[in-house]
Each structure stands twice: as structure tokens, then as C-alpha cells.
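As given, the protein sequences belong to chains A and B, one line each in that order. Each step along the first sequence adds one to the number in the numbering used here, with nothing skipped, and position 70 is 70. Counting the second sequence from 1 gives a position; the numbering used here is that position plus 1000.
Incorrect hints may have been included.
Partial pick of chain A residues on the chain B-facing surface, computed with a CB cut under 8 Å [unchecked claim]:
1) 30
2) 32
3) 45
4) 63
5) 124
6) 125
7) 189
8) 193
9) 194
Simulated from the structure, these hints should not be mistaken for lab results. Remember, it's a predicted structure, so these values are computed and weren't measured experimentally. Think of the CB as a built atom: it goes at the ideal place given N, C-alpha and C, for glycine as much as any other residue.
There are 2 protein chains.
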Amino acid sequence: MTDFNPKDAEYLSKLQDYYANWKSIPSYASLCGVFGIASKSWVKTILTRLSEAGFIERTPDGVWVPMRQFFGRPLAESSVPAGMPVSVDSGQGELFIIDEMLIDAPSKTTLIPVKGDSMIEAGIHDGDVAVVEKRMSANVGDIVVAIVDSEFTLKTLDKERGKFILRPANQAYPVIRPQGVLEIFGVLVGLIRKYRK
Amino acid sequence: MTDFNPKDAEYLSKLQDYYANWKSIPSYASLCGVFGIASKSWVKTILTRLSEAGFIERTPDGVWVPMRQFFGRPLAESSVPAGMPVSVDSGQGELFIIDEMLIDAPSKTTLIPVKGDSMIEAGIHDGDVAVVEKRMSANVGDIVVAIVDSEFTLKTLDKERGKFILRPANQAYPVIRPQGVLEIFGVLVGLIRKYRK
DNA sequence: TACTGTAAAGAACGTTTGTTCTGTTGTCAA
DNA sequence: TTGACAACAGAACAAACGTTCTTTACAGTA
């Protein structure tokens, strides 16, 4: 991964605690107190590392902001769905609850289990759960759920000689060139995978 | 109430827009650009009014922070399909991405951003978010977060001639054969990916 | 013992920040 | 047509801020 080490994890945890209270990342001087150190320059080193590791980032103004998914309520508290969760019916009678990071438009979002390995080169595996936002249009390059021969298909949308085509991410599968109008069900906005223990 | 007028509402809306993007309230100088005015002192007047009206407040450090209920997702968007159970925001704390489907032991579970492509053949990409359950032991075949040379590494746990080894899912990376005890931070239990639109 | 690398401290410094105070402009009412 | 007030502009300034550079402490290693 990165050169993110246990020591950094300790500082991250302190920053998360502070942020949970104040919802802001304060000045380097204040962070000295938060981290329990005396050196502003060392604070900078720590923040730079945390950002390289992907936990925080900077706005164009140079202000540090947390990547929200890592600075929420402590996971311990979220055993009951926290925040303003969204319930989405997978269509199979199962009920999943997912948060706003993956879902922008709850009423238009569905979960669809991925079958087959036609998109495996895009890191989408059999058994993964696709988070799909229902839309009838998409851009070239988007991964879309299209309806081909009355079946759902997950493919990358592309264009060839002015016509839309569906490109699998697996060389063993053919490119789909729909005759007539390509029917798009939605666009892939997220992916969830669960590893069995 | 206060002398909060339509003009202030317009500024509030601009601030909300900015905040929706950057999750922070910038300096007075930057806010000049956001509000479309040229005077820092007027920015201060506006912010003071917004705080008197209860839309924002200041931390002890003097940093402006929004009152969350006014700076969240617009209510219209968070409506949930009828018939589905709805949980209500406690008012405090952020929203978390993941639900009970991915997390069994909330207090022991952490999210870690994936860096690099050493596990790409397992469909784990740079930028994905790993859901990790903290444990000190794991089984052969599990994908684990191990601490190697004081760094976090995501690899598949395997055994070779009675000794544990860490196997990357990318032929360009070497197998890691730790000398001494292999230090395991946790086990990968889930994966989340978000596609940008 | 000497060398190396990491963690942290601390001083120096130019820039940015928020604040305050004084002007300017436009509008509406008397 | 004058006065009052709200909406802004702009200058001045001390305090705070982030950055850079140098130094110290310490543990591991050769």
C-alpha cells in the first residue's frame, strides 16, 4: 500500500476524534495539542502522510479536509444504521442499507448482483453487487447496465462509427453491437464486494 | 427573529453550494469570490448575520463551521421509496457508507483506502476502499492487511513449507516471505468502489 | 564506535488572515 | 435636496498561519 504505518494510524485516530467533535481540521498550532507534540513542522509531515494515504485532502485554498468516509461516526456507534441511510430493495427480497457516499439519488438507485465474469478485467467479479443509478442516457466510457435481448448486461459504453456499442472487459466475450436503439437501464456508480470468512 | 433577509438567503445558498463541493468554509478572501463581492469586511458582516440566524457557528478556534442540518443533502433528494423503512438522522455525526451487510463487528472494523495495484488480479484496484476487520490471526487464502517493515500491505495469506507468506495478486510484485513472526493487522471482509460520474 | 534513518523540536520568515475603521454609492422617505 | 440607512469597497495592521531549514534525540545496525 503506502508508507502508512501504525504510528500514523495513531495520529489518524486522534484527528478523527477531534474531527468528530468539531467537524473541522484546525491550524497546525492547534493540531500540536491534538497530536500531543510540540512541532508545527512535524504536524505538517503527519498531515502530508495522511493525505498520501488517502485519508485527507486539500482544497484549492490549501485547507485540509477529511475524506468523509474515514471521518464519520466511529464504527462502533453505527451498528444501528447511522446518519440518513437509504434503503434499497435488491429485488430479491433482501434489504441493503447503504450510505450517501455511494448513492446520490436514492429513489433512482438499485442494487444488482453481478453474474458472470464478462467485466472481470475491470475488477468486477461474479458475486459483486453493482450500485446502479437508473438513467436512460450515459456517456461513452461509463459502465452501464443495458437491456439486451430482454436481459440485463453490464458493459462499458463505447461508440464505433457513430453507433453505440457495448464492450465487455474480458477478451473471451464479444463486443455487442445492438441493432436499433440501445436500451440503457442505468449507470454503474458503485461496487460492493463481500468476502466470506 | 433576526434581520435575516432575502439577500442573506442568497448568500446562504451560495455558501451551501460551495460547502457541498468542498466541505469547508474558506477564508474571507475566498468567500469574496464565492459571494461575488470584493470586500472582506462585508463577508464578515454576512457571516455574522448567517450565524445570528443560526445557519453557521464558530469553533473556539474561530473557524466557521456550518450547522449541519442546513448544509446536508437537500431534503428533496433524500426521499425514500414508499414502503421502505426509514432511519432518521440523529443530527450528530456523519453518514457512513456501509451497512450491516459488510460489517459484522463494527467496533473492530476499519476502512482503509487501497493504494497501488499489487492486488489487481483479485479485482482490488487503486482507489478502492477496503473494509478490514481487525484481527491478529487469519486463515490461508484470506486477504489480509499485514504489517511489513512498519508498513501496511494488502496481500493474500498463504503457506509455504510450514511458513506463512504473503502473495500479491499481480505478477509484477514479489511474494513476501517475512522473517520472524508475521504481523497481521486485520482481514479483508469487504470492498467498496465508487465510480465518478 | 561510527553510521543511518526516523521522530520530533524549534527558530526564522514571508504570507495570509481576520479585524477595524473610514469611504463611497444607491435608494427611499420626508 | 437633504438626511438616513443599507450595501458594499478598500486601506491599514497586528496576530496567526504555513513553510522551510537547521538541530536534537534516539534506536537500530554494521
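Evaluation of the provided hints:
no., hint, result
1, 30, "6 Å, holds"
2, 32, "13 Å, violated"
3, 45, "15 Å, violated"
4, 63, "5 Å, holds"
5, 124, "7 Å, holds"
6, 125, "5 Å, holds"
7, 189, "5 Å, holds"
8, 193, "4 Å, holds"
9, 194, "5 Å, holds"
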